[in-house]
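Given the coordinates of chain A, assemble chain B onto it according to the supplied hints.
Next come the chains, spelled out residue by residue.
There are 2 protein chains.
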Amino acid sequence: MGKHTIYFSNKPRIISTFTIAGPKESESNFGKHIHKLIYDDRFGEDTFEKAECKMLSYAIENVIKSANISRDDIDALVSGDLLNQIISASFAARDFDIPYIGIYNACSTFSEGFAISASLVDGGYMKKIVTATGSHFATAERQYRYPLELGCTRPPQAQWTVTGAGACVIADSGDYPKIVSATFGKVVDFGITDANNMGAAMAPAACDTLACLFKDTNTKPSDYDLILTGDLGALGSRLVKELVKEKGYDMDNVHADCGEMIYNIEEEKYQGGSGAGCSAVVFGSYIYDKLKKKELNKIIFMATGALLSPVSTQQGESIPCVAHAVVLES
Amino acid sequence: MGKHTIYFSNKPRIISTFTIAGPKESESNFGKHIHKLIYDDRFGEDTFEKAECKMLSYAIENVIKSANISRDDIDALVSGDLLNQIISASFAARDFDIPYIGIYNACSTFSEGFAISASLVDGGYMKKIVTATGSHFATAERQYRYPLELGCTRPPQAQWTVTGAGACVIADSGDYPKIVSATFGKVVDFGITDANNMGAAMAPAACDTLACLFKDTNTKPSDYDLILTGDLGALGSRLVKELVKEKGYDMDNVHADCGEMIYNIEEEKYQGGSGAGCSAVVFGSYIYDKLKKKELNKIIFMATGALLSPVSTQQGESIPCVAHAVVLES
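Here the protein sequences come in this chain order: A and B.
With my numbering, the residue at position 328 of the first sequence is 314, and numbering never jumps.
With my numbering, the residue at position 208 of the second sequence is 194, and numbering never jumps.
Think of the hints as simulated: they come from the structure by calculation, not from any bench.
Hints should not be assumed to be uniformly reliable.
As the list makes no split between identical chains, a pair holds if one copy fits it or if it spans any two.
What the hints assert, rightly or not - When the alpha-carbon atoms are kept at most 27 Å apart in a straight line, the in silico DSSO-like pairs for lysine-lysine are as follows: (1) Lys(-3) / Lys113; (2) Lys113 / Lys201; (3) Lys(-11) / Lys51; (4) Lys231 / Lys(-3); (5) Lys231 / Lys10; (6) Lys(-11) / Lys279; (7) Lys164 / Lys113; (8) Lys18 / Lys231.
Pulled out of the complex, with its shape left as it was, chain A reads as follows (with noise of 0.2 Å):
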């Protein structure tokens, strides 16, 4: 066994997935995949913050319905976000009447829920999870970066942060998708500090994991129908797919990144979506469906998280980055 990934003998299944994006995200290509589009920033609350709780809730809520189960049979809800405390997700779990346990690597968390909820089926000790995480644009600019009322002019490189959420159960059995193993990553940090220029600062800590987990399982890009990563970019993916390769593997052919996939990538967006639902939104609608239907058989699928905060930036810090990879199974 490697030092890195975790295999999981009785391969949890993922039976149900539900997602939730907004206006930007329900307007482009990619939207008509989106179980619920919303066409109003604020979902109907006074503030983007109660918005962005509401679309997790939201999503949280009908994952359960779309899985044919009740509240009752949810043994956890394992969720993060991207807030200060991650109010979104705690202030969601508020709603169900279900175990909570909080988690944070910011981007990186949807996979991240995704090992940890795997574990704790696999070993036996929850049948049925929820993870589940999600963003905002509106709440994320103003956290990480301006005020929106300053109307300040974004760089090329800038990434969207998606305006969804994305919802899992994953249970102990059925024919569905199965997470196979999980390899957690390391903090990789190499020195990158513009907080507008997450695709660069991410793209090592995504090859770093990404090569612990073809080491550690013994396989190369070829053996996978997709190499799927969370919210690099269009330039974090060119950078990481040439880092893969210094290191010996060609995933040119078989990789996509959700924050590509996510907009009608113009001049607005730059790099494209990024955000902890990107690959919440991406993975539970349009990939978790060609894994059902078997047009997927065998993917990797890695988000990757920047652990920035403004704090951090402003005390003179670098950005250090995270990225936790699942196998999944058709």
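Just chain B now, with coordinates in the frame of chain A:
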């Protein structure tokens, strides 16, 4: 098997602990139990945030040393703290070449870490995990409440955030204190909106988890040598004992609270200590020592967390809380 309690058949061991704390903690009667005392709030760094991170890093490094193992033996670091984006944990993780699982449940993070780590070890996925958390009075105060420079008067129900960190190595074998079960808590919110009254906010969540644990495991308070809560403080401790009594359980004679133990309670610290570092420091020093010497044989350790953020408070929200419990045997 009860709904909220999971059982560890291989009983993961806590093979070592390390604690570090600041000037106020060092000067209290409890100080003599703490492994490393520091008399400089900044720990040689130029900001309090960097000092908090350095304490956590120091605890992680030394808990590995005191277990007589090397970093390479550690399969994962499960860690979180109170700062936005849990930067202390993430930046501490950067110092170690170890897979990093970031978690956040405010001051209940330490027992959440126990429960997740024990699951990963008991399930056979990992052999040795470090779980660690910390907090700092100065960083918490300015993040959650007011800048210290304002010199705000503290209300009598206030607690004092512990400047300190604690770390444990959880392993699959050895003659050490064992983790027998874990009870993940639900989010409970009784509508408290005062960010200075954490004890009252957290008591109902603490009661809920304890009642689940007693019911799930068919035990009563007198079956334990100690029921140790994390940081309810003097007021919160009184409340939880009353709430638990209403449910038919009398724990007056077996309850203690880390927040009540860590300071010589006097006017300035009012209700006692709080913060993710509070339970980590008290458990990792005095309590762990008593378990090792078998002066305590069976205890419940339950850290409690208030999941508020300044943003949620400003937006008129009350304080949702959570408490995760583990049962430990000597």
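Right, here's what the structure says about each hint:
Taking CA atoms no more than 27 Å apart as the test, Lys(-3) paired with Lys113 passes in both settings, with 12 Å inside one copy and 20 Å between copies. Taking the shortest Cα distances, Lys113 and Lys201 sit within 27 Å of each other only across copies (20 Å), while inside one copy they are farther apart (31 Å). Taking the closest pair of Cα atoms, Lys(-11) and Lys51 come within 27 Å of each other only across two copies (20 Å); inside a single copy the shortest separation is 38 Å, beyond that limit. Neither within a single protomer nor between protomers do Lys231 and Lys(-3) lie at most 27 Å apart by alpha-carbon distance, with minima of 30 Å and 43 Å respectively.
When the C-alpha separation of Lys231 and Lys10 is checked against a cutoff of 27 Å, the pair qualifies neither within a copy, at 34 Å, nor between copies, at 52 Å. Within a single copy, Lys(-11) and Lys279 get their C-alpha atoms no closer than 33 Å, and across copies no closer than 34 Å, so neither meets the 27 Å cut-off. For the identical chains of this complex, Lys164 and Lys113 are neighbours both inside a copy (14 Å) and across copies (24 Å), given an alpha-carbon limit of 27 Å. In this assembly of identical chains, Lys18 and Lys231 lie within 27 Å of each other by CA distance neither inside one copy nor across copies; the values are 34 Å within and 54 Å between.
Going down the numbered hints, you'll see the structure goes against 4, 5, 6 and 8, while the others check out.
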